[in-house]
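Each chain sits in its own coordinate frame; assemble them with the hints.
Chain by chain, the residues run as shown.
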Amino acid sequence: MQKEASIREPLILGHKTYHDITEDVCRSIEGKAPKTWYVIFGVALILGLFGIGCILYLLGTGIGTWGLNKTVQWAWDITNFVWWVGIGHAGTLISAVLLLFRQKWRMAINRAAEAMTIFAVFMAGLFPLIHMGRLWVGYWVMPIPNQFGSLWVNFNSPLLWDVFAISTYLSVGFVFWYIGLLPDFATIRDRAKNPVSKKMYSILSFGWSGRAKHWNRFEIVSLVLAGLATPLVFSVHSIVSFDFATSVIPGWHTTIFPPYFVAGAVFSGFAMVQTIMLVVRKGLKLEAYLHVKHIEYMNIVIMVTGSIVGVAYLTELFMSWYSGVEYESYAFINRATGPYWWAYAAMMTCNVVSPQLMWFKKLRRSLLFTFFISIVVNIGMWFERFVIIVTSLHQDYLPSSWSMFHPTWVDIGIYIGTIGLFFVFYLAFARYFPILPIAELKTILKSSGESYKNDTAPGRNKPVPALAAAAAAVQEVVAPVAEIETPKVEAPEVDVVIPPVETLKSTAKPASETVSAEEKENRISSLIEKLGKGSADSKDDLKLISGVGPKLEGTLNDIGIYTFEQVSKMSKAEYDLLDSITGTFPGRAERDNWAEQAKTLMNK
Amino acid sequence: MADRVIYAMYDDDMVLLDGAKKLVSEGVHITDVFSPFPIHGIDPVIGVKHTRLGIVSFMFGLLGMALAVIGFKYMMIDNWPMNIGGKPNFTLMQNFPAFVPITFEFTVLFAAHGMAITYLLRNKTLPGMPADNPYPRTTDDRFVMEIRLSDNTKFSASELHAKIKETEIIEIEEKDYVVIK
Numbered sequence: 001m002q003k004e005a006s007i008r009e010p011l012i013l014g015h016k017t018y019h020d021i022t023e024d025v026c027r028s029i030e031g032k033a034p035k036t037w038y039v040i041f042g043v044a045l046i047l048g049l050f051g052i053g054c055i056l057y058l059l060g061t062g063i064g065t066w067g068l069n070k071t072v073q074w075a076w077d078i079t080n081f082v083w084w085v086g087i088g089h090a091g092t093l094i095s096a097v098l099l100l101f102r103q104k105w106r107m108a109i110n111r112a113a114e115a116m117t118i119f120a121v122f123m124a125g126l127f128p129l130i131h132m133g134r135l136w137v138g139y140w141v142m143p144i145p146n147q148f149g150s151l152w153v154n155f156n157s158p159l160l161w162d163v164f165a166i167s168t169y170l171s172v173g174f175v176f177w178y179i180g181l182l183p184d185f186a187t188i189r190d191r192a193k194n195p196v197s198k199k200m201y202s203i204l205s206f207g208w209s210g211r212a213k214h215w216n217r218f219e220i221v222s223l224v225l226a227g228l229a230t231p232l233v234f235s236v237h238s239i240v241s242f243d244f245a246t247s248v249i250p251g252w253h254t255t256i257f258p259p260y261f262v263a264g265a266v267f268s269g270f271a272m273v274q275t276i277m278l279v280v281r282k283g284l285k286l287e288a289y290l291h292v293k294h295i296e297y298m299n300i301v302i303m304v305t306g307s308i309v310g311v312a313y314l315t316e317l318f319m320s321w322y323s324g325v326e327y328e329s330y331a332f333i334n335r336a337t338g339p340y341w342w343a344y345a346a347m348m349t350c351n352v353v354s355p356q357l358m359w360f361k362k363l364r365r366s367l368l369f370t371f372f373i374s375i376v377v378n379i380g381m382w383f384e385r386f387v388i389i390v391t392s393l394h395q396d397y398l399p400s401s402w403s404m405f406h407p408t409w410v411d412i413g414i415y416i417g418t419i420g421l422f423f424v425f426y427l428a429f430a431r432y433f434p435i436l437p438i439a440e441l442k443t444i445l446k447s448s449g450e451s452y453k454n455d456t457a458p459g460r461n462k463p464v465p466a467l468a469a470a471a472a473a474v475q476e477v478v479a480p481v482a483e484i485e486t487p488k489v490e491a492p493e494v495d496v497v498i499p500p501v502e503t504l505k506s507t508a509k510p511a512s513e514t515v516s517a518e519e520k521e522n523r524i525s526s527l528i529e530k531l532g533k534g535s536a537d538s539k540d541d542l543k544l545i546s547g548v549g550p551k552l553e554g555t556l557n558d559i560g561i562y563t564f565e566q567v568s569k570m571s572k573a574e575y576d577l578l579d580s581i582t583g584t585f586p587g588r589a590e591r592d593n594w595a596e597q598a599k600t601l602m603n604k
Numbered sequence: 001m002a003d004r005v006i007y008a009m010y011d012d013d014m015v016l017l018d019g020a021k022k023l024v025s026e027g028v029h030i031t032d033v034f035s036p037f038p039i040h041g042i043d044p045v046i047g048v049k050h051t052r053l054g055i056v057s058f059m060f061g062l063l064g065m066a067l068a069v070i071g072f073k074y075m076m077i078d079n080w081p082m083n084i085g086g087k088p089n090f091t092l093m094q095n096f097p098a099f100v101p102i103t104f105e106f107t108v109l110f111a112a113h114g115m116a117i118t119y120l121l122r123n124k125t126l127p128g129m130p131a132d133n134p135y136p137r138t139t140d141d142r143f144v145m146e147i148r149l150s151d152n153t154k155f156s157a158s159e160l161h162a163k164i165k166e167t168e169i170i171e172i173e174e175k176d177y178v179v180i181k
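Each protein sequence line maps, in turn, to chains P and Z.
Residues 1 to 604 in my numbering are what the first sequence lists, from first letter to last.
Residues 1 to 181 in my numbering are what the second sequence lists, from first letter to last.
So that you can see chain Z by itself, here it is in the shape it has in the complex (with noise of 0.2 Å):
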């Protein structure tokens, strides 16, 4: 049988939040969350972990200073060595100081674009890529919730509707999961 989800949709992203808290003391899973904004706070309450981008950003820095300093190395230094205002072109210690600024430009150009495009591409938002959050209005001024019934076992669909209904939605409607991208 195909995956249903149930959608609950609030009007108010601190509503949201509180209805998110109680229904996950009672144990309901929430899948995830569409909102137009980031609601703060939301994170812990539905299990989202923190992101790890920070960490591929560093990395990406690391390459991007390496390859520059590999590169430089090997054209000043190793390949063509010129004598450039009498600075000293022997050894790359000794020549760094001129290449300070190339190598802080290649660290923030790798970092930057290296965790952008891992950014874009986590996220599955690419040029083309169709949307899916499931109501319009998800990027206007409503919040909604997606409870899907797999995620939830213990629970009846109809058991689940009740629980919903006691937190403050403004509309609640269950149909197929599909999944879009």
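Only chain P is shown next, with the shape it has when bound in the complex (with noise of 0.2 Å):
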């Protein structure tokens, strides 16, 4: 098995089993969702509504419901548009590049990232839908055959591209979402007890089985989905800032907007996962799995994409007075000392300054420090789109039609709906799905589990075969009796008296299960005086305890047992009885504690 650095700080806290990171993960699917998480989810949705409210409003009325005029025909919409993509370019960067660099980290977050990325996607696709203005001929932004002669869309055109770029983005986003959430649905299936549940999880698995051919597959199929996603990701936001950066508006058309925008991206996209995951580990009681270290990874990924952001920042400052462009460098004095100073100022100080602070170790570990600059680099984020969109815009060439730009309550509305209406998504999402990769969690249990790290974890008692335990109980007898016997043997004599044991084992194991009919019916009622009588009507699902198997659970119904309750009040005369009745595996019952297990299973 694969060894991790011992320095390394283990990714899973204390000592998990691979049947605690189940229960941990399942805890919150199988349980009823407390109190806040309706308060919460009933927020986001009368936002959600709202939201969609505002957009009908504006398919019936028109665009003029927004707040553009003929100098900024382009403002929130794009803003948000860009906004909600550049938030959705974690959650793929976090599985596909980290997965790439074999960031064993990434499996903290990979999940509930990527499921962010596809929710915040479809938040992105609404504005441009409809921003087109009639959404219901949406469909012709595909190259289809029509009805005006061959009129085919523009293969020229980076809005086109944006098309592509971002259906393809979200469709393959969603398959590696799925490929992945497989066999997590699987383990939730196999768990589940109510019917409709289990109905409805096995319909999410497809049925998956974990046969090892199958796994095979799987791994391949990640990693090679992962390098397809990689350059994805980097397509994605490139093609976004081409949409600016092929146009000529001072301002806009700059080559170092592609690296820019995707670092950019990365930036709001960690801000957002660190937003949403350090309410959903307190939520969900994760902490074992996401902790300090996980954030202060996250962090200094921010703090990196940051210090590009900052960078790029600068060099458009520079290059708008060192090109001597006159417009250009206008653009730029307009945006920092303009009528929109205020903008620019709240994206250089949310942006540049606050994640230089990461610098501080103490600082990056803190998690309500971490949790407030998140929230920080999210609004610093939303302005720089807004002070690229709209300071570019509102001072064009020709004075007389400069204008400022005044949202109305339509463009708050939708903006606002669309974060209620990707909570409502996400709620939905950590409610019913699993939201850590249950599968891949266990591959790392033993190389970056704590417990296995420092040597903690309680050893693996090793189940003695029927077999072997006789041969092992004969050798006691038999060492003591040719030691008696000849008192003065030399040590080599010693493996005289072993062969013996070999003949004796053979009469051995048969003694133990040659025990008369009525000797085990007077066994087994004695053991059910102990435990008290069950039936099959009120039956538990014994194979819930840790060792037993549907075949021991046949074998215990057989004797009488049915209940968790009957197995909560065995104790070493019970197990031993109980072993000396069904002959398999000894020792195994005491060793696994059943009784303590049926209790937790019983307060269940």
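Fair warning: there could be bad hints in the mix.
[Stated by the list, open to error] Cut-off 30 Å, straight-line C-alpha distance, at most; resulting in silico cross-link-like pairs (DSS-like, lysine-lysine):
#1 181/Z / 193/P
#2 213/P / 181/Z
#3 124/Z / 213/P
#4 87/Z / 70/P
#5 165/Z / 446/P
#6 124/Z / 193/P
#7 87/Z / 520/P
#8 213/P / 199/P
Simulated from the structure, these hints should not be mistaken for lab results.
Right, dumping it as structure tokens:
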């Protein structure tokens, strides 16, 4: 098994077993949702419905309900679009790029971040669709034969590239996410007790069974999808930046836009992951899997990408002066000192100054501070897009047409609505989907789990098959006898005593099995007397006890043990009695501490 | 006679791997292994060949790229050439720089979806398909070997049982082999 350097901080704290991981992740799905969940869900739903109302009002009335005017033709709509697409960058980056670089810490956040990506890109896609004005002819962006002669879409246009980039990103991101979800849905399916949820998860899991061949394919498919998604992530935001960079508007017409936008997207995406995951880990009690080290890693990414963004801002400023183009210079002077100076100042403070605080180890390991900064960055990145879009447009070449942008209630309503819808989706996801990749976490448990790294994990008891146990017992008996009979035996001669064990072994084994039927009856009735009578009608699923499989469950039921309550009453004497009846795997029940397990299962 | 199958259950991936190595060295053919997560190193032991899905993905990628090139060559160069901002539109090669993003997106789109669909079909994992793992806990913390008697004609059932019991199993069961899907 692959070992990890001991100086690396463990990724899973405390002692966990495979079963614990399943339990910890499934707890929130199988249990009842807390009241706060309903409250937040309700608020998000109301906001979302209000947003949908605003969209419908806009579609019925027209784009004029937005605050756009003939100078500022793009404002909140495209700002929100780019903001959401940017947020949608962290998920695929975490799961694809970090997978290629074999960064195991991604497993604490990849599922949740991918979900965030998909929902964020959903929200992003709404804006250009609405902005097209006539939503019902949205399919015109597809290159399909049509009734207008041979009028095709323009493959030279960055706006069309955007259509393909975003839809490819959304669908590939979804496939990547879902393929990883299949095995985890299968886990939930096999645990589900309620027939409705069993049916639901059985459909969602596509009948995943975890065969060796399937896992072999699974790993390659994940790797290849990661390899495909990595350049895809970079292409998507590059293409979004082409929407601006290929135009001739001062302030937009710059070649550093693609890398600058990609860095900005990763920056804002990670900030959103922090905002959400800090709440989720607390709410779902996943502190063992997503702890300070993970937060610190993400803060380092935020710090690095934030610095790249800062360098890009300064490069823009320098180039506007160095190019000697007065329109270009004016665009930037206007940004910093014009009527929208406050937006520019907000952007600079939030995006350039605040991530630099992450150089302090104490700050980047502080959860509260991280949460605060993540919100600040989200706000700052919204202002970045607003600054780029609105301040470059509002004072154009013709001073007589200079104007300001004032958002209307529809602008605000749709923006707030998308935030509401996003959280509606997200809360539903957190409630019904496994928020951590169960199967993937199990693969790193032994290499990165704390108790396995510092060797405090309880050693695994070797299951003793019946044959060997009998032989060992016989040996114990034989050895002292041999010593008594030949007290002065030399060491080598002890070997001579051993062979009889081989012969005895064959007789010893049947001895335990050939208990007379009557004797067996007696033992069973005395066992049941101690444990109390159970009936097949009020039967519990004894297979949930670690160490009990379907066959053993059958045996237990035959004896008359049906419920956890009965099992919980067992102690050493009962275990021995049970072993003498079943005759298989002696000592297992005691070792696995069935009684304790049954007690916890009973209280569920 | 219907085929019989022995299911040997383990509680640890590495123990199963050791057990599998031992059984295979004794000539037992392990038909399949069910596990809650990929057991690294099991594939060569039980004879699972390396998957060819990577090649599938590459071929779908080529297909996507070809379709994209054929598509925009026909639409933008042959069928309805448009002069957009003076960008050269007379030959495919001259106009190609503007088509690079679309070419890339189509390649990725086809490679990813083609591979994913092939993967689901080959695994027989599609919406509504029944699961065929022998015990529900194999998706939680149990690891099960499937040993079919018809694959091990040189051993009798009891010989196989004895061999399997020498490994650190926690449970063993023999039943009729049922093909679920």
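Proposed proximity, residue 199/P with residue 213/P (alpha carbon, max 30 Å):
Roughly 25 Å between the alpha carbons, so the hint for residue 213/P and residue 199/P holds.
Between residue 124/Z and residue 213/P, is the straight-line Cα distance small enough, at 30 Å or below?
holds (12 Å)
Assess, step by step, whether the Cα of residue 87/Z is no farther than 30 Å from the Cα of residue 520/P, and give holds or violated.
The given pair, whose Cα atoms are some 93 Å apart, is violated under the 30 Å limit.
Taken at face value, is the distance from the CA of residue 181/Z to the CA of residue 213/P at most 30 Å?
Status holds; Cα separation ~15 Å.
Hey, residue 181/Z versus residue 193/P, does the alpha-carbon distance stay inside 30 Å?
holds (23 Å)
Taken at face value, is the distance from the CA of residue 193/P to the CA of residue 124/Z at most 30 Å?
Measuring from Cα to Cα gives roughly 25 Å; hence the hint holds.
Residue 165/Z and residue 446/P: Cα distance at most 30 Å?
holds (26 Å)
Are the Cα positions of residue 87/Z and residue 70/P separated by 30 Å at most?
holds (28 Å)
Hint compliance for this structure: hint 7 is the single one not met.
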